[in-house]
Structures are given as structure tokens and as C-alpha cells.
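Chains as they are written, first to last, in UniProt numbering: chain A, 1 to 95; chain B, 1 to 95; chain C, 1 to 95; chain D, 1 to 95; chain E, 1 to 95; chain F, 1 to 95; chain G, 1 to 95; chain H, 1 to 95; chain I, 1 to 95; chain J, 1 to 95.
Be aware that one or more of the hints could be misleading.
[What the hints assert, rightly or not] Okay, derived cross-link-like pairs now, DSBU-like style, lysine-lysine, Cα gap no bigger than 35 Å in a straight line: (1) G:Lys17 with G:Lys33; (2) A:Lys25 with A:Lys39; (3) B:Lys17 with A:Lys39; (4) J:Lys17 with A:Lys39; (5) C:Lys28 with B:Lys28; (6) J:Lys39 with J:Lys17; (7) G:Lys25 with E:Lys33; (8) A:Lys17 with J:Lys28; (9) A:Lys17 with A:Lys39; (10) E:Lys24 with E:Lys39; (11) H:Lys39 with I:Lys39; (12) D:Lys17 with C:Lys39; (13) H:Lys17 with F:Lys33; (14) E:Lys28 with E:Lys17; (15) D:Lys33 with F:Lys33; (16) I:Lys39 with B:Lys39; (17) I:Lys39 with I:Lys17; (18) E:Lys24 with G:Lys25; (19) G:Lys24 with E:Lys33; (20) F:Lys17 with E:Lys39; (21) E:Lys39 with G:Lys39; (22) H:Lys25 with J:Lys24; (23) I:Lys17 with I:Lys33; (24) H:Lys25 with H:Lys39; (25) I:Lys28 with I:Lys39; (26) H:Lys17 with H:Lys39; (27) E:Lys28 with E:Lys39; (28) E:Lys39 with D:Lys39; (29) D:Lys17 with D:Lys28; (30) B:Lys33 with B:Lys17; (31) C:Lys28 with C:Lys39; (32) J:Lys24 with A:Lys24.
Just so you know, these hints were derived from the structure itself, not from any lab.
Number of protein chains: 10
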Amino acid sequence: MLFMVQMQVNIPASLDKNIADALKKEEKEMSQKLQREGKWRDLWRVVGQYANVSIFNVSGNEELHQLLISLPLYPYMTVSVTPLTQHPSAIAQVE
Amino acid sequence: MLFMVQMQVNIPASLDKNIADALKKEEKEMSQKLQREGKWRDLWRVVGQYANVSIFNVSGNEELHQLLISLPLYPYMTVSVTPLTQHPSAIAQVE
Amino acid sequence: MLFMVQMQVNIPASLDKNIADALKKEEKEMSQKLQREGKWRDLWRVVGQYANVSIFNVSGNEELHQLLISLPLYPYMTVSVTPLTQHPSAIAQVE
Amino acid sequence: MLFMVQMQVNIPASLDKNIADALKKEEKEMSQKLQREGKWRDLWRVVGQYANVSIFNVSGNEELHQLLISLPLYPYMTVSVTPLTQHPSAIAQVE
Amino acid sequence: MLFMVQMQVNIPASLDKNIADALKKEEKEMSQKLQREGKWRDLWRVVGQYANVSIFNVSGNEELHQLLISLPLYPYMTVSVTPLTQHPSAIAQVE
Amino acid sequence: MLFMVQMQVNIPASLDKNIADALKKEEKEMSQKLQREGKWRDLWRVVGQYANVSIFNVSGNEELHQLLISLPLYPYMTVSVTPLTQHPSAIAQVE
Amino acid sequence: MLFMVQMQVNIPASLDKNIADALKKEEKEMSQKLQREGKWRDLWRVVGQYANVSIFNVSGNEELHQLLISLPLYPYMTVSVTPLTQHPSAIAQVE
Amino acid sequence: MLFMVQMQVNIPASLDKNIADALKKEEKEMSQKLQREGKWRDLWRVVGQYANVSIFNVSGNEELHQLLISLPLYPYMTVSVTPLTQHPSAIAQVE
Amino acid sequence: MLFMVQMQVNIPASLDKNIADALKKEEKEMSQKLQREGKWRDLWRVVGQYANVSIFNVSGNEELHQLLISLPLYPYMTVSVTPLTQHPSAIAQVE
Amino acid sequence: MLFMVQMQVNIPASLDKNIADALKKEEKEMSQKLQREGKWRDLWRVVGQYANVSIFNVSGNEELHQLLISLPLYPYMTVSVTPLTQHPSAIAQVE
Numbered sequence: 001m002l003f004m005v006q007m008q009v010n011i012p013a014s015l016d017k018n019i020a021d022a023l024k025k026e027e028k029e030m031s032q033k034l035q036r037e038g039k040w041r042d043l044w045r046v047v048g049q050y051a052n053v054s055i056f057n058v059s060g061n062e063e064l065h066q067l068l069i070s071l072p073l074y075p076y077m078t079v080s081v082t083p084l085t086q087h088p089s090a091i092a093q094v095e
Numbered sequence: 001m002l003f004m005v006q007m008q009v010n011i012p013a014s015l016d017k018n019i020a021d022a023l024k025k026e027e028k029e030m031s032q033k034l035q036r037e038g039k040w041r042d043l044w045r046v047v048g049q050y051a052n053v054s055i056f057n058v059s060g061n062e063e064l065h066q067l068l069i070s071l072p073l074y075p076y077m078t079v080s081v082t083p084l085t086q087h088p089s090a091i092a093q094v095e
Numbered sequence: 001m002l003f004m005v006q007m008q009v010n011i012p013a014s015l016d017k018n019i020a021d022a023l024k025k026e027e028k029e030m031s032q033k034l035q036r037e038g039k040w041r042d043l044w045r046v047v048g049q050y051a052n053v054s055i056f057n058v059s060g061n062e063e064l065h066q067l068l069i070s071l072p073l074y075p076y077m078t079v080s081v082t083p084l085t086q087h088p089s090a091i092a093q094v095e
Numbered sequence: 001m002l003f004m005v006q007m008q009v010n011i012p013a014s015l016d017k018n019i020a021d022a023l024k025k026e027e028k029e030m031s032q033k034l035q036r037e038g039k040w041r042d043l044w045r046v047v048g049q050y051a052n053v054s055i056f057n058v059s060g061n062e063e064l065h066q067l068l069i070s071l072p073l074y075p076y077m078t079v080s081v082t083p084l085t086q087h088p089s090a091i092a093q094v095e
Numbered sequence: 001m002l003f004m005v006q007m008q009v010n011i012p013a014s015l016d017k018n019i020a021d022a023l024k025k026e027e028k029e030m031s032q033k034l035q036r037e038g039k040w041r042d043l044w045r046v047v048g049q050y051a052n053v054s055i056f057n058v059s060g061n062e063e064l065h066q067l068l069i070s071l072p073l074y075p076y077m078t079v080s081v082t083p084l085t086q087h088p089s090a091i092a093q094v095e
Numbered sequence: 001m002l003f004m005v006q007m008q009v010n011i012p013a014s015l016d017k018n019i020a021d022a023l024k025k026e027e028k029e030m031s032q033k034l035q036r037e038g039k040w041r042d043l044w045r046v047v048g049q050y051a052n053v054s055i056f057n058v059s060g061n062e063e064l065h066q067l068l069i070s071l072p073l074y075p076y077m078t079v080s081v082t083p084l085t086q087h088p089s090a091i092a093q094v095e
Numbered sequence: 001m002l003f004m005v006q007m008q009v010n011i012p013a014s015l016d017k018n019i020a021d022a023l024k025k026e027e028k029e030m031s032q033k034l035q036r037e038g039k040w041r042d043l044w045r046v047v048g049q050y051a052n053v054s055i056f057n058v059s060g061n062e063e064l065h066q067l068l069i070s071l072p073l074y075p076y077m078t079v080s081v082t083p084l085t086q087h088p089s090a091i092a093q094v095e
Numbered sequence: 001m002l003f004m005v006q007m008q009v010n011i012p013a014s015l016d017k018n019i020a021d022a023l024k025k026e027e028k029e030m031s032q033k034l035q036r037e038g039k040w041r042d043l044w045r046v047v048g049q050y051a052n053v054s055i056f057n058v059s060g061n062e063e064l065h066q067l068l069i070s071l072p073l074y075p076y077m078t079v080s081v082t083p084l085t086q087h088p089s090a091i092a093q094v095e
Numbered sequence: 001m002l003f004m005v006q007m008q009v010n011i012p013a014s015l016d017k018n019i020a021d022a023l024k025k026e027e028k029e030m031s032q033k034l035q036r037e038g039k040w041r042d043l044w045r046v047v048g049q050y051a052n053v054s055i056f057n058v059s060g061n062e063e064l065h066q067l068l069i070s071l072p073l074y075p076y077m078t079v080s081v082t083p084l085t086q087h088p089s090a091i092a093q094v095e
Numbered sequence: 001m002l003f004m005v006q007m008q009v010n011i012p013a014s015l016d017k018n019i020a021d022a023l024k025k026e027e028k029e030m031s032q033k034l035q036r037e038g039k040w041r042d043l044w045r046v047v048g049q050y051a052n053v054s055i056f057n058v059s060g061n062e063e064l065h066q067l068l069i070s071l072p073l074y075p076y077m078t079v080s081v082t083p084l085t086q087h088p089s090a091i092a093q094v095e
């Protein structure tokens with residue numbers, strides 16, 4: 001089941017730089033693990049923003065929620081979720 | 001070069017049904033041609049909306065604009081365009 | 001899988017009253033059929049509005065989309081969809 | 001009498017972690033007590049958010065207000081309240 | 001139980017003037033009847049707007065909804081409802 | 001002359017609790033004095049909010065402004081002001 | 001007593017040109033009469049808009065409302081009203 | 001050339017009171033100097049707000065910008081600028 | 001003096017196609033005449049929109065207003081105007 | 001390829017003045033280097049704002065993103081990006 005997730009990251013200047021760097025490193029590792037598993041299907045940077053547009057391919061609402069709240073940078077994100085489905089004109093089939 | 005395009009379609013009730021059906025048919029054909037060419041990379045329906053989320057892979061701003069305004073249903077669409085680029089945590093390379 | 005769906009209905013004054021009445025009757029029948037099947041889990045009127053707050057219990061995004069666009073009054077609705085999941089403090093289990 | 005209440009929780013990073021944990025524990029206990037009493041009729045997590053959608057079943061405006069402002073996390077919540085009533089197509093009767 | 005109701009009236013230019021005048025006359029009669037009964041507790045015009053701020057004193061959500069949708073001009077109104085309750089600094093008691 | 005005033009109070013967590021309590025006490029006293037004088041005609045709590053809806057009956061813009069900025073909690077309020085006047089369907093006369 | 005009034009005019013294309021021209025002529029005459037009386041203290045065009053920023057000097061809310069709703073183009077205006085008062089740094093005294 | 005400027009002032013509680021008082025004193029002096037020169041043509045307080053509506057009469061964009069950014073309280077203001085011009089119904093000529 | 005002007009064009013489907021075509025032709029001619037005169041300094045299409053971003057170089061507010069309202073498509077435009085001035089880091093001097 | 005970029009700068013009062021000054025100096029140098037290279041094609045100040053309107057001429061989305069995030073003041077900016085293209089009425093050709 002596909003969802004578009006838009007994440008805007010806002011790390012406060014008051015966060016210790018070492019902690020911030022560690023969180024970003026863990027975020028990258030977890031993100032890449034989820035990409036390799038096919039759950040984080042697409043990940044793009046929005047030009048000019050510390051933000052991304054992502055497509056998740058998960059079993060449903062519960063799995064998506066658990067993935068998102070376990071992201072190391074989740075406490076510093078504003079997240080919006082848009083459920084997607086097959087478009088009648090799409091030649092590819094939604095997994 | 002990748003762009004997210006969000007299209008909301010609003011066909012007025014006053015449009016003749018035959019004309020509307022013809023436009024939808026042409027829209028589907030053109031959309032599928034662009035998908036086969038790899039320019040309309042992804043096309044998903046937004047759940048509960050007469051709207052889509054799309055990813056276009058084009059040579060740049062000019063090509064994207066010409067593609068969008070040539071869509072048969074373009075006069076009935078509200079369109080928003082978000083330029084995308086490589087995300088440093090993405091394992092796939094933006095084409 | 002649960003979704004909150006908010007529907008705002010706006011039937012244009014120009015719609016023939018007999019057609020409007022027939023659509024409302026069909027809408028009611030379809031709504032009640034879906035309620036009896038357990039898919040339209042809750043349906044409440046918003047005070048002072050021609051609008052409702054609904055909870056749908058469906059297999060996923062695709063089923064929800066098909067249900068919503070098949071509603072007789074769908075062409076006259078503004079719809080928003082919010083995916084829901086188990087709350088850690090809830091004593092009831094999300095079906 | 002039914003009300004939809006939407007709560008967005010935003011605990012500041014500056015709040016002592018022990019205090020925050022104690023507040024969350026009290027919040028959960030109070031929430032479950034109100035659920036068992038039937039006053040907090042439904043409680044769902046919004047996917048990807050530290051937020052919930054809730055349905056309260058109370059005697060009226062005064063009782064709802066007293067319940068909400070007595071929640072341990074209330075000082076950290078943004079709350080919106082939507083009065084609900086019987087929908088003419090609903091097969092269940094609003095209590 | 002008190003509710004603030006804000007009504008913005010927008011009668012389309014296409015509505016026959018005789019019908020509009022009849023509706024306004026009926027609206028005024030019904031409004032004054034409800035005021036005499038104490039249910040429409042206060043009614044003020046917003047300066048410069050075809051809009052009002054009203055305070056309703058009703059038994060609850062259901063009665064308020066029935067009153068509002070029975071107003072002759074209701075089909076031409078945008079309505080918002082705000083539940084009110086006793087303020088701890090108010091010297092008057094909410095009825 | 002009547003005005004609707006909506007006040008949203010937001011006392012920062014960093015304000016000393018004794019100072020906050022003293023301000024709230026003074027606010028209550030001043031509010032009740034103005035109510036007894038008939039200048040703060042109505043004061044209601046918005047359900048679920050640290051906010052009120054108020055009706056002021058004052059000699060004009062200048063008196064209203066002086067009253068509002070002299071409130072002890074004014075520095076912590078977001079205020080909106082809506083001028084009101086006689087509604088042609090109201091049975092009570094605006095003072 | 002001073003009020004800033006912002007008026008956005010939107011005359012529908014469907015209005016007969018002769019009627020529209022007559023309304024504009026009456027609007028101009030009434031506006032200039034009120035300016036000569038000192039009630040419509042200032043009137044400026046917003047650059048690039050069919051809109052104005054105005055300052056009214058009236059006895060209070062009731063007079064302002066009666067003036068505004070008697071403007072010939074009032075049915076085609078979106079109006080917002082901002083009550084003004086003496087600024088402590090102003091060298092001119094508000095009339 | 002006329003411009004409407006709207007300034008909302010928000011002095012943070014963390015600013016030293018002596019510094020704040022000195023800034024306000026300088027702001028008042030500079031504001032009154034500009035009023036005497038005819039450049040700050042009008043200055044009004046918005047009722048209930050720490051905000052003003054002002055009319056500036058300057059030689060153009062550059063002079064307006066230099067005046068605004070030189071105001072002592074500028075770092076604590078949210079500013080919006082609306083270019084104005086002669087209204088065809090105005091009896092006064094824009095300087 | 002420079003201004004950014006953003007124009008969104010919305011020609012209603014009900015406008016006769018010949019009239020619309022004639023207006024577009026006149027708009028193009030007038031736009032190009034103003035560009036050759038150096039008054040309409042820059043004109044760009046917004047990708048995916050029937051809209052433009054423009055830079056005007058004019059003597060002031062009055063000239064800009066007269067130019068904009070004389071555009072043949074002006075009645076079908078939503079216009080916003082942003083006054084610009086020299087940026088301290090710009091190497092080019094604002095004309 | 002052209003893009004309009006709007007940057008709003010908000011340097012927190014808590015940032016050390018020497019650091020802020022150093023960042024502004026580096027920002028100016030980098031901005032002028034990019035202007036001389038023709039990549040930052042235009043740079044204007046918005047009147048009354050600590051903000052600019054800029055036109056970038058770059059090879060595409062990726063180059064624009066890298067330029068923007070390398071600006072010394074980027075961490076203190078709110079940025080919006082609008083892709084532009086040739087306007088059919090423009091006499092200049094988009095580079």
C-alpha cells in the first residue's frame with residue numbers, strides 16, 4: 001500500500017552538534033535500510049529546502065506509523081501523510 | 001531532472017458529457033504515451049480525490065511546462081510543481 | 001484499517017430537485033448498506049453544517065477510494081481523508 | 001452528547017524527561033479511566049503525528065471542558081472541538 | 001447550553017427577488033420567535049458585513065442543529081459553531 | 001457601542017508561577033469590576049481552549065483600546081476585535 | 001471615531017453594462033458627498049487592484065454600518081473593517 | 001508617493017526593560033520627526049493590538065525602505081507594505 | 001523604480017473564443033510595446049501555470065497602476081504587487 | 001534554466017553579533033561571486049522586509065539546490081523556489 005510522506009526537518013540551533021550529527025547518521029542508516037527493504041520506495045530532496053518527498057510501500061496504516069515514529073529525526077520533523085492508490089491511467093500497477 | 005506535480009481536476013458540470021468523455025480518453029492516451037517514454041515517471045491517485053501525485057522526469061523547466069499545458073484536461077486542472085533533486089540518504093541515483 | 005473521512009456536501013442550486021432527491025435517496029441506501037457491512041463504521045452530522053465526520057473500516061487505500069468515488073453524492077462533495085491507527089492509550093483494539 | 005476532539009501534543013524539548021514521563025503516565029491512566037466510563041468513547045492515533053482523533057460522549061459543553069482541561073498533558077496540547085449530532089442516514093442512534 | 005454561531009449570508013444574484021424577499025421575511029419571523037423563546041439569546045450585526053454574531057441557548061447539539069437547518073436562509077449561509085461554557089471570572093452564571 | 005472581543009491566552013512556561021498567579025488574580029478582579037460596571041457585558045469560556053468570547057459595551061474605539069491594554073494578562077493575549085451593531089431582526093435594542 | 005475600511009470590488013461579467021455604469025456613477029457621487037461631509041476622510045486606490053483603502057470618521061459602529069451598506073456597489077464588495085484609535089506617538093489628535 | 005504600512009510590534013519578554021524603554025523612546029522621537037517632515041503622513045493605533053496602520057508619503061520605494069529599516073523597533077516588527085495611488089472618486093489629490 | 005508583479009490569468013470558459021483570442025493578441029502587442037519601452041523589464045512564465053512573474057521599471061505607483069489596469073486581460077487577472085529596491089549585496093544598481 | 005527564489009532572513013537575537021556579522025560578510029561575498037558568474041542573475045530587496053526576490057540562472061535543480069544550501073545565511077532563511085520558463089509574449093529569450 002502506497003503513501004506519500006512529506007517531511008520537513010527543523011533541528012533547533014540549541015541541539016548539541018555532536019548529538020545532531022549522531023542523529024543524522026542514524027537517520028541515514030535507518031533510511032537506507034528501509035529503502036533496501038523496499039518499504040521506503042522513493043526519497044527525494046525538495047530543492048532549496050531541508051525537506052523531502054517520499055513514497056512508502058507498507059502493509060498499512062499501522063506499519064507506516066511505526067516506521068515514521070521510529071526515525072531518529074522524527075522529533076524534529078513536521079510530517080504529512082497522503083494515502084495513494086492505483087490511478088486508472090497508470091501503466092504500472094501499484095504493488 | 002525530477003519534478004513532483006500535483007494535479008487536481010475539476011470538470012464543470014456544465015461541460016457536455018460527450019466532450020468530457022473525449023477529453024478524458026485523450027488525456028489517458030497522452031498520459032500513457034508519456035509514461036511509456038519515461039517522462040511521466042510515476043502517476044498515483046490520491047485516495048478520495050479527483051487528483052493525482054505525479055513524478056516527471058524531463059530535461060528541464062521548459063519541457064515540463066510544454067508537457068503540462070498540452071494535457072487535454074489542463075484547462076480544468078489546478079497544478080502545483082515542486083522541483084526535486086538527489087537526497088543525500090537516497091540509495092537510488094536521480095536520473 | 002481505519003480512516004477518518006470528512007465530507008462537505010454542496011449541491012448546486014441549479015441541480016434539478018428531482019435528480020437531487022433521487023441522488024440523496026441512493027446515497028442514504030448505499031451509506032446504510034456500507035454501515036450494515038461494517039465498512040462505514042461511524043457516521044455523524046457536524047452541527048450546523050451539511051457535512052459529516054465518518055470512520056471507515058476497510059482493507060486499505062484502494063477499497064476506501066473505490067467506496068468513496070462510488071457514492072452518489074461524491075461529485076458534490078469535498079472530501080478529506082486521515083489515516084488512523086491504534087493509539088497506545090486506547091483500551092479498544094483497532095480492528 | 002457527542003463531540004469530536006482533535007488533540008495535537010507538543011512537549012517542549014526543555015521539559016525535564018522525568019516530568020514528561022510522569023505526565024504521560026498520568027495522561028494514559030486518566031484517558032483509560034474516561035474510556036472505561038464511556039466518556040472518551042473513541043481514541044485513535046493519527047498516522048505520522050503525535051496527535052489523536054477522539055470522540056467524547058458527555059452531558060454537554062461544561063463537562064467536556066472540565067474533562068479536557070484536567071488532562072495532564074493539556075498545557076502542551078492544541079485542541080479543536082467539533083460538536084456532532086445524529087446523521088439522518090446513520091443506522092446507529094447517537095447516545 | 002450556550003453556543004456562539006456566526007452566520008455569513010450570501011444570497012446569489014440569480015435568486016428571484018420576490019423569493020428572496022419572502023425568505024428574508026420568514027427568516028426574520030422565525031428569528032424573532034426563537035429570540036422570544038430565549039433560544040436565540042443574542043443577535044448582532046457585524047459592521048460592514050451581511051453577517052451576524054449570535055448566542056444560542058439550547059438543550060444541546062441536536063436542538064441547535066435542528067434550529068439552524070430550519071432557518072429559511074440556511075441554504076445561503078456559511079455557518080460556524082463554537083461551544084461555550086462558564087468562564088471562571090464571569091459574574092453571571094451560564095444558564 | 002458593542003464589540004465582540006476574542007482573547008486567546010498563552011502564558012509562557014518560563015513565567016514564574018507566583019507572578020503568573022498574581023496576574024491571573026488581578027485579571028479576575030479587573031474583569032469582574034468591568035463586568036459590574038456593565039462595560040464587559042458578557043464573558044464566556046470557549047470549550048477546550050484557554051480562550052474567551054466577550055462582548056464589550058463601551059463609548060467607542062478609544063475606551064475599548066484603553067480597557068484591553070490595561071488587562072494584567074494583555075501581554076500574553078492574542079486579541080481580535082469585531083465591531084457589532086443593531087441587527088434588523090433583533091428584538092433587543094443595542095444599548 | 002476612525003475606522004480603516006478595505007473594499008475589494010468584484011462586478012460580475014454577467015451584470016448589464018448600463019446597470020454597472022449607472023451603479024459606478026452613483027457610487028462616485030455618494031462617495032464624494034461623504035468625502036465633502038468629512039465622513040469618508042481618505043480614499044486611496046490599491047495599486048494593481050480594483051480595491052481601495054479608506055479611512056472613515058463617523059460617530060460609531062452604527063453610522064459606519066449604515067454608510068457602508070448604502071453604497072451602490074456594496075452588493076459587489078468584500079469589506080473588512082479595522083477600528084482605529086489615537087496612537088501615543090502620533091502628533092495629530094484623532095478627531 | 002503614498003504607501004500604507006502596517007506594523008505589528010512584538011518585543012520579546014527576554015529583552016532588558018531598560019533597553020526596551022530606550023528603544024521605545026527613540027522610536028517615538030524618530031516617528032514624530034518623520035511626521036513633522038510630512039513623510040509619516042498618518043499614524044493610528046489598531047484597537048486591541050500592539051500594531052499600527054500608517055500612511056507614508058515618500059519619494060519612492062528606496063526612501064520608504066530606508067525609513068522603515070532605520071526605525072529603532074524595526075527588528076521587532078512584522079511589516080507589510082501596500083502601494084497606493086489616486087482613486088478616481090477621491091476629491092483630494094494624492095500628493 | 002522596480003516592482004515585482006505576479007499575474008494569474010483565468011479566462012472563463014463562457015467567454016466567446018473569438019473575443020478571447022482578440023484579447024490575447026492585444027495583450028501580447030501591448031506587453032511587447034511595454035517591454036520595448038523598458039517599462040515591462042522582465043516577463044517569465046511560471047512552469048505549469050497560466051501565470052507570469054514580471055518586473056516593471058516605472059516612475060512610481062501611479063504609472064504602474066495605469067499600466068496594469070490598461071492591460072486587455074486585466075479583467076481576468078489576479079494581480080499582486082511587491083515593491084522592490086536596491087539590495088546591499090547586489091552588484092547591479094537598480095535603475 | 002531560470003528560477004525565482006524568495007528568501008526571508010531571520011537571524012535570531014541569540015546569535016553572537018560577531019558571528020552574525022561574519023556570516024553576513026561571507027554571504028555578501030558569495031552572493032557577489034555568484035552574480036559575477038551570472039548564476040545569481042538578479043537580486044532585489046523587498047521594501048520593508050529583510051527579504052529578497054532573486055532570479056537564478058543555473059543548469060538545473062541540482063545546481064540550484066547546491067548553491068542555496070551553501071549560502072552562509074541559509075540556516076536562517078525561509079526559502080521558496082518557483083521554476084520559470086519562456087513566456088510566449090516575452091521579447092527576450094530565456095537563456
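Taking the hints in turn, this is what the structure says about them:
| no. | hint | in the structure |
| --- | --- | --- |
| 1 | G:Lys17 with G:Lys33 | holds (24 Å) |
| 2 | A:Lys25 with A:Lys39 | holds (19 Å) |
| 3 | B:Lys17 with A:Lys39 | violated (41 Å) |
| 4 | J:Lys17 with A:Lys39 | violated (46 Å) |
| 5 | C:Lys28 with B:Lys28 | holds (33 Å) |
| 6 | J:Lys39 with J:Lys17 | holds (30 Å) |
| 7 | G:Lys25 with E:Lys33 | violated (41 Å) |
| 8 | A:Lys17 with J:Lys28 | holds (26 Å) |
| 9 | A:Lys17 with A:Lys39 | holds (30 Å) |
| 10 | E:Lys24 with E:Lys39 | holds (20 Å) |
| 11 | H:Lys39 with I:Lys39 | holds (27 Å) |
| 12 | D:Lys17 with C:Lys39 | violated (41 Å) |
| 13 | H:Lys17 with F:Lys33 | holds (30 Å) |
| 14 | E:Lys28 with E:Lys17 | holds (16 Å) |
| 15 | D:Lys33 with F:Lys33 | violated (40 Å) |
| 16 | I:Lys39 with B:Lys39 | violated (38 Å) |
| 17 | I:Lys39 with I:Lys17 | holds (30 Å) |
| 18 | E:Lys24 with G:Lys25 | holds (29 Å) |
| 19 | G:Lys24 with E:Lys33 | violated (39 Å) |
| 20 | F:Lys17 with E:Lys39 | violated (41 Å) |
| 21 | E:Lys39 with G:Lys39 | violated (38 Å) |
| 22 | H:Lys25 with J:Lys24 | holds (29 Å) |
| 23 | I:Lys17 with I:Lys33 | holds (24 Å) |
| 24 | H:Lys25 with H:Lys39 | holds (19 Å) |
| 25 | I:Lys28 with I:Lys39 | holds (15 Å) |
| 26 | H:Lys17 with H:Lys39 | holds (30 Å) |
| 27 | E:Lys28 with E:Lys39 | holds (15 Å) |
| 28 | E:Lys39 with D:Lys39 | holds (27 Å) |
| 29 | D:Lys17 with D:Lys28 | holds (16 Å) |
| 30 | B:Lys33 with B:Lys17 | holds (24 Å) |
| 31 | C:Lys28 with C:Lys39 | holds (15 Å) |
| 32 | J:Lys24 with A:Lys24 | holds (27 Å) |
Violated hints, listed in ascending order, are 3, 4, 7, 12, 15, 16, 19, 20, 21; each of the other numbered hints is respected by the structure.
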